[in-house]
Amino acid sequence: MKKMAVRRWALLAVAGALAACAPRGGYVTVDGAMLGTTLHVTGDVTGCDRGELYAAVMELDGQMKASMSIFDETSLLSRLNRNETDSVDRHIVRNLALAERVSGLSGGRYDVTVKPLVEAYGFAGHEREAQVNVDSILRFVGHEKIRVRGGRLVKDDPRVQIDLNSIAKGYAVDRVAELLERCGARNYLVDVGGEIRCRGVNSQGNPWRVGIETPFDGNMSEGDYVSVRVRLNDGAMATSGNYRRFYIDAEGRKVAHTIDPLTGRSAVSGLLSATVVADSCILADALGTMFMALGEDEALALAGRMEGLRACFILSDGSEGYRVWYTPAMEAMVMRDDE
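Mapped onto the working numbering, the consecutive letters of the sequence shown carry residue numbers 149 to 487.
To be clear, the hints were calculated from the coordinates, so they are not data collected in a lab.
Any given hint could turn out to be false.
Stated by the list, open to error - Restraint ranges, calculated between C-beta atoms of paired labels, are given here:
| hint | residue 1 | residue 2 | range |
| --- | --- | --- | --- |
| 1 | Glu232 | Val472 | 43 to 51 Å |
| 2 | Asp237 | Gly195 | 23 to 31 Å |
| 3 | Gly255 | Arg297 | 23 to 31 Å |
| 4 | Gln211 | Asp485 | 40 to 48 Å |
| 5 | Gly255 | Arg295 | 36 to 44 Å |
Said to hold, decoys possible - Taking lysine to aspartate or glutamate and the EDC-like style, the derived pairs with C-alpha atoms no more than 16 Å apart in a straight line are:
| hint | residue 1 | residue 2 |
| --- | --- | --- |
| 6 | Lys303 | Glu248 |
| 7 | Lys303 | Asp234 |
| 8 | Lys293 | Asp234 |
| 9 | Lys293 | Asp304 |
| 10 | Lys213 | Asp237 |
| 11 | Lys213 | Glu200 |
| 12 | Lys303 | Glu292 |
| 13 | Lys293 | Glu248 |
Quick reminder that beta carbons are idealized off the backbone N, C-alpha and C, glycines included.
Please construct the entire structure, taking both the sequences and the accompanying hints into account.
Below, the structure written as structure tokens:
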């Protein structure tokens, strides 16, 4: 359930390798890679230099990969999934706590135990199964089948496996933001693979501007096609969508990487993308995935009941186009075309 990109608006392009760029107006900028995706950090750092910031971000990147990567067989999460250990670290504890909170909010439609289903459908680096035995797999899928007790992971079934990819980038953004604040930054932007957290203003003294991409199938040009621009002074923003990671099966049906854990089926609906603004990026990340798993009708209904929610849904108009729906709190953040 990997997230789709929310790209920064009118900021520096990301370099291929981690490198520090010359500061402008006292802002330090670092571009590069984190968790196997793009990284962009800029802020009015005063308490550490570029080298120290670089080292701290890279140390965090290494810690998170060693803890939560499902692609590294030696990571703690991979070992938990193979039942080689039951010990959990602070990164996994924090992610599971947030995941359980959102699972409860969604009636179980957001679930980090969908890993066997994601793999069966051919995502997360796995070859798709010719015939997915959904009923069999669902016996060991369910957020209620795991819990943390005394620093240890308890599973109701040893076949339960966890995938934290739906919130890992958002969690990384929050941790990098903490690093910047410890380095004295009062104004900053952090972007990890399109998940964003901002505080204060940019180097020109203006609110940060971020764009929500146009979610047409196969859009791989991050930042080139923007449907909506919003001002983001303090908070985090993440988008989920099914327009990059999908395939068409033998019957001509679209199979997307967002899986409904209650049915075991790909969650494809008229909801093309869901963008959420929240105080933390990990929460925005999880809520975006939750809405995609709910589908158009249930997502609109739940979002309408969540007082103060800042969300933008891009919905199919039934033909080749789309329409945009906002909660009132989100609509107040949207920029006009002439701004």
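These are the hints, each one checked on the structure:
no., hint, in the structure
1, Glu232 x Val472: 43 to 51 Å, "47 Å, holds"
2, Asp237 x Gly195: 23 to 31 Å, "27 Å, holds"
3, Gly255 x Arg297: 23 to 31 Å, "24 Å, holds"
4, Gln211 x Asp485: 40 to 48 Å, "43 Å, holds"
5, Gly255 x Arg295: 36 to 44 Å, "18 Å, violated"
6, Lys303 x Glu248, "14 Å, holds"
7, Lys303 x Asp234, "9 Å, holds"
8, Lys293 x Asp234, "14 Å, holds"
9, Lys293 x Asp304, "5 Å, holds"
10, Lys213 x Asp237, "12 Å, holds"
11, Lys213 x Glu200, "20 Å, violated"
12, Lys303 x Glu292, "9 Å, holds"
13, Lys293 x Glu248, "11 Å, holds"
In the structure shown, a violation is registered for the earlier hints numbered 5 and 11, in ascending order.
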